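Enquirer: Each chain, letter by letter, is given below.
Protein chains: 2
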Amino acid sequence: MDYPIEFRRHSAAHVMAAAIKQLFPEAKFGVGPVVEHGFYYDIDIGRPVTAEDLKAIQKGMQKIVNQNPAFVREEVDIDDAIKLFDELGQTYKLELLNDLKTKGTTKVSVEEAQDIDPQNVGSVTLYRTAEFVDLCRGPHVTEAKDIGVWKLHKVAGAYWRGKETNPQMQRIYGLCFATKEELAEYEAMVIEAEKRDHRKLGQELELFHIDEMVGKGLVLWLPKGAAVRQQVENLAMEMEGEYGYERVVTPHIAKEELFLTSGHLPYYKDDMYPAMVMDDGTYYMKAMNCPHHHIIYRHKPRSYRELPVRLAEYGTVYRNERSGTLAGLLRVRALAMNDAHIYCRKDQIKDEFKRVMELTMGYFKIFGLENFWFRLSKWSPDHLDKYVNEPDNWEYSQNVLREVLIEMDVPFKEIDNEAAFYGPKVDVMFKSVIGREETMSTVQLDFIAKTRFGLEYTDEKGEKNGEIFVIHRAPLSTHERFMAFLIEHYAGAFPLWLAPVQIAVLPVADRHVEFAQSLAKELSALGLRVSVDDSTESVGKKIRNAEKQKYPRMLVVGDREAGGGALTVRIHGEPDQQEISKEEFIKKSLHEIKSRTA
Amino acid sequence: MDYPIEFRRHSAAHVMAAAIKQLFPEAKFGVGPVVEHGFYYDIDIGRPVTAEDLKAIQKGMQKIVNQNPAFVREEVDIDDAIKLFDELGQTYKLELLNDLKTKGTTKVSVEEAQDIDPQNVGSVTLYRTAEFVDLCRGPHVTEAKDIGVWKLHKVAGAYWRGKETNPQMQRIYGLCFATKEELAEYEAMVIEAEKRDHRKLGQELELFHIDEMVGKGLVLWLPKGAAVRQQVENLAMEMEGEYGYERVVTPHIAKEELFLTSGHLPYYKDDMYPAMVMDDGTYYMKAMNCPHHHIIYRHKPRSYRELPVRLAEYGTVYRNERSGTLAGLLRVRALAMNDAHIYCRKDQIKDEFKRVMELTMGYFKIFGLENFWFRLSKWSPDHLDKYVNEPDNWEYSQNVLREVLIEMDVPFKEIDNEAAFYGPKVDVMFKSVIGREETMSTVQLDFIAKTRFGLEYTDEKGEKNGEIFVIHRAPLSTHERFMAFLIEHYAGAFPLWLAPVQIAVLPVADRHVEFAQSLAKELSALGLRVSVDDSTESVGKKIRNAEKQKYPRMLVVGDREAGGGALTVRIHGEPDQQEISKEEFIKKSLHEIKSRTA
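Here the protein sequences line up with chains L and R, keeping their order. For the first sequence, my numbering gives the first residue as 49, with consecutive numbering after it. For the second sequence, my numbering gives the first residue as 49, with consecutive numbering after it.
Since the hints were derived computationally from the structure, they do not count as laboratory data. Computed from a prediction, not measured in an experiment: that's the story for all the values here. Mixed in with the good hints there might be a few duds.
The list makes no distinction among identical chains, and a pair is therefore deemed to hold if it is satisfied within one copy or across any two copies.
In silico DMTMM-like pairs for lysine to aspartate or glutamate, Cα to Cα no more than 20 Å straight-line [said to hold, decoys possible]: (1) K398 x E354; (2) K498 x D259; (3) K589 x E631; (4) K569 x E290; (5) K498 x E354.
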């Protein structure tokens with residue numbers, strides 16, 4: 049039968065509990081909810097659960113499923129339920145039932161709460177499976193054979209009801225899918241994700257370092273990570289140069305007055321770093337680059353001839369995230385971004401938005417991103433209080449955004465009532481190489497900056513016009529997220545143009561080191577990033593090290609090469625090596641780098 | 049006679065006062081000290097001093113000098129002096145004398161205090177010149193004709209004794225030099241300095257903007273300023289790449305623990321931005337890049353094979369300067385610098401220091417700086433409390449620094465007892481194009497970082513060695529100071545390689561705009577920074593505008609050029625234009641840019 053996956057997973061939790069009950073008759077049960085990809089159950093058997101226990105439980109579950117018991121629902125009075133679990137010695141369940149009876153709620157986490165129907169606390173539902181009976185709202189599959197496939201994969205300690213003063217229970221995690229293929233696919237994805245984990249690769253490839261003494265969420269880019277960053281920034285400067293952007297550099301801090309004008313204060317204050325009181329006012333680290341760019345826009349009178357003005361910056365912003373939530377590059381406190389703000393007239397919005405989309409897709413092509421779609425978030429005329437009151441601008445701009453998406457023939461969805469307060473936006477949605485869907489970036493239209501900052505221009509007739517529209521865009525996400533993404537996307541094997549070390553020169557023996565170094569010098573002078581392995585390791589070991597460091601090109605240098613013969617080139621990940629003249633190798637490499645095709 | 053210049057200037061102040069006394073018999077006098085380049089006197093004539101008054105006073109001074117009175121010194125009892133100035137109605141002088149008598153000091157500024165000898169308050173000295181008598185310590189020139197040349201050049205309001213509640217006096221400023229030539233030279237320098245003023249040019253050339261709403265001392269680099277910055281940064285990356293530096297990127301903030309370890313806290317606390325208390329500790333904006341670099345050095349075990357490690361960064365640091373002291377780019381609160389730290393063994397100090405010196409002089413050559421010398425600041429064995437207690441390291445390193453300076457055959461001076469607490473340093477002293485001497489940058493040796501941060505490496509025998517020496521260096525000063533310097537140095541006319549706009553394309557008429565734009569596109573695609581003046585101005589006006597913006601190359605595009613003929617090129621500051629084929633122009637320009645020879 050085609051059950052919702054939650055039915056299967058929750059049923060598997062019951063079957064697991066039944067198997068545990070058979071193996072450990074004295075076992076006490078906490079809660080056993082569905083989680084992403086499977087389920088867990090918190091149990092107390094008076095000792096830690098071992099790997100052997102897990103095997104036995106998995107086997108016991110199979111035995112029960114083979115007997116194919118039904119999941120039998122029973123509605124009983126709460127007092128009868130209390131009596132039953134008391135007799136069974138299930139003290140944890142008893143506690144939940146008593147809470148439910150006296151307080152009308154179990155006041156526990158969302159996961160636990162699903163076992164109890166808050167609408168009906170006079171009676172509760174039980175489910176019986178084999179010899180196991182559980183307090184449970186259901187629903188379940190009809191018979192155990194309908195569960196599908198499952199696999200117990202992890203045990204962790206967990207305090208009862210999440211409180212450190214409570215007894216520690218054992219949380220047994222299981223995966224559960226409808227088919228073997230789905231489980232296998234998920235497991236392969238997990239292995240792939242672990243292999244590509246940006247924290248693991250970030251350390252192995254010496255890309256970045258986060259240090260307790262500097263602070264959580266503050267990334268130190270090591271030489272190799274800084275080299276990749278520089279290439280991404282160079283790409284941005286080059287592409288945006290072609291698209292008519294002007295680059296600026298702005299301070300990382302500003303006075304309170306700026307953020308009061310932009311509206312970040314007081315509304316966004318909790319997400320900003322704490323105030324710094326100086327002798328001439330209160331300063332904050334910036335949470336956005338836009339206010340600084342608006343100041344640059346308006347620092348001199350602007351003529352219609354200058355529009356659109358496109359100000360770009362690899363700018364850094366600061367967010368006061370809670371320290372406990374900080375993790376690797378995905379959640380940090382200081383974020384750089386290839387940010388830009390476009391200042392244009394209303395009749396230029398369409399063109400400018402289209403150019404932003406083209407630029408974005410130009411980036412995607414270079415990085416080989418293919419699975420993307422767009423999400424157009426619109427206002428809602430039914431929720432006028434949520435949106436800046438410019439109905440004509442909303443309708444006009446939403447229409448032109450839609451027109452562009454249609455003209456470009458890209459997949460998109462429209463969502464009502466999801467726009468920002470100050471204008472519609474288009475999110476770029478992307479499916480990662482390991483199947484995770486995420487928002488890569490956002491193009492945001494802004495009707496309100498013109499009012500807040502008094503942005504204006506002088507029109508053809510010499511008159512002041514305050515109808516300046518701002519487009520916020522950062523197609524490469526934040527640099528930190530994007531680097532995490534790139535590391536995962538390439539599994540650390542950056543293409544030639546992007547790699548921190550592009551060419552590893554590997555002398556076969558000591559007598560080839562001198563030639564290796566002169567070759568490296570020649571290649572470096574051409575702007576290539578080269579390293580020489582002049583260690584005393586064997587050449588086999590040198591190759592393995594270079595493979596591990598995922599250097600895109602290796603030049604093995606022995607007697608023939610040092611004697612002026614052709615070069616021996618190994619390409620990362622390819623088993624064979626090839627011979628190629630030095631001139632040809634240089635020409636090919638420079639071309640691949642310039643065109644960013646490898 | 050060859051008097052010290054202060055004698056002349058102070059005597060000129062007395063002669064000015066004597067002339068004022070003749071012209072305005074009721075004038076009351078405040079103080080009249082020597083200042084840089086001249087002197088002033090604060091006077092009260094009951095109304096503002098006009099330009100006509102200044103001329104009359106200048107003339108009156110000449111008349112007195114022609115009579116050549118002597119400067120007659122007289123020592124009198126303080127009570128006699130009080131009586132004398134009371135009779136003369138000199139209420140301000142009287143106040144000073146009474147203060148001196150009752151408090152033993154005039155408690156006024158250093159400038160005023162020079163009039164009175166604090167060692168001898170029982171009697172005071174007077175000087176008489178013509179009919180003017182002044183309370184004054186002297187000394188003066190013997191006769192008025194020995195003053196030299198002078199020129200009254202400025203009047204400003206000044207409160208008596210600098211207090212706003214006191215009467216406002218008129219401060220008359222005069223220049224004074226021994227010879228006409230010296231005065232002329234100084235005046236020419238002032239005119240030149242005004243023409244080259246980085247604040248004036250920074251605005252005219254749209255290089256940077258400082259905005260009250262963002263905050264004083266926080267520079268917004270406008271597109272043109274950011275372009276120059278990028279070129280300087282590219283130069284640094286290129287040069288330091290050649291010298292084996294690795295670039296890193298570090299956060300602008302860190303936890304208190306880092307700065308306690310480095311020793312910046314608590315000693316440097318007042319100069320740092322205020323603390324930011326977060327949920328996991330206290331954070332500060334960094335005042336130096338070194339602690340972050342030390343963390344990168346020690347983030348992994350280092351082998352002797354890796355040394356020297358050279359970590360470079362265009363890093364930004366923050367200084368909590370008082371808002372009243374902030375001015376243009378010369379005193380700011382956020383400073384970027386082409387910073388680097390070199391980690392090496394003791395026996396590598398000499399080589400590394402020499403390489404730093406070569407790199408520094410390499411920069412100077414590119415920027416055409418010629419008038420420099422070096423200042424070696426050493427410790428003093430007589431002040432052991434001021435210096436880290438490593439006598440061998442002091443002697444060894446001072447010797448190798450000296451050896452390098454001698455080997456390089458550069459001018460240098462040695463100064464005892466001026467080193468930093470943690471090591472000797474070499475300052476690079478430079479005389480600017482308008483004759484001002486300043487410290488361009490510093491190379492600082494550091495014996496203490498190894499101890500504070502536990503810096504170490506594994507030596508040839510596999511043993512840990514903690515003798516890591518650090519060299520701090522930032523040859524291009526801070527970016528802000530350096531930009532102020534470059535603007536002044538080039539009077540805003542940046543060389544081709546550095547200019548924000550390298551080539552201005554100036555169409556003669558509307559019908560040439562299309563060709564101008566396609567030419568600009570072709571040049572831009574080669575990486576050149578080009579702008580087209582497609583305004584409706586006459587070509588003469590366009591040339592004048594481009595000259596004013598100091599664009600290094602102008603291409604005037606008319607019928608012949610648009611028809612495929614040679615290009616007409618004007619070079620900034622050169623009166624003649626030349627004809628040159630497009631291919632030749634491109635080749636020449638690219639060569640000049642790559643070699644940074646224009």
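Enquirer: Return the numbers of the hints above that this structure violates; sort them in rising order.
Expert: 3
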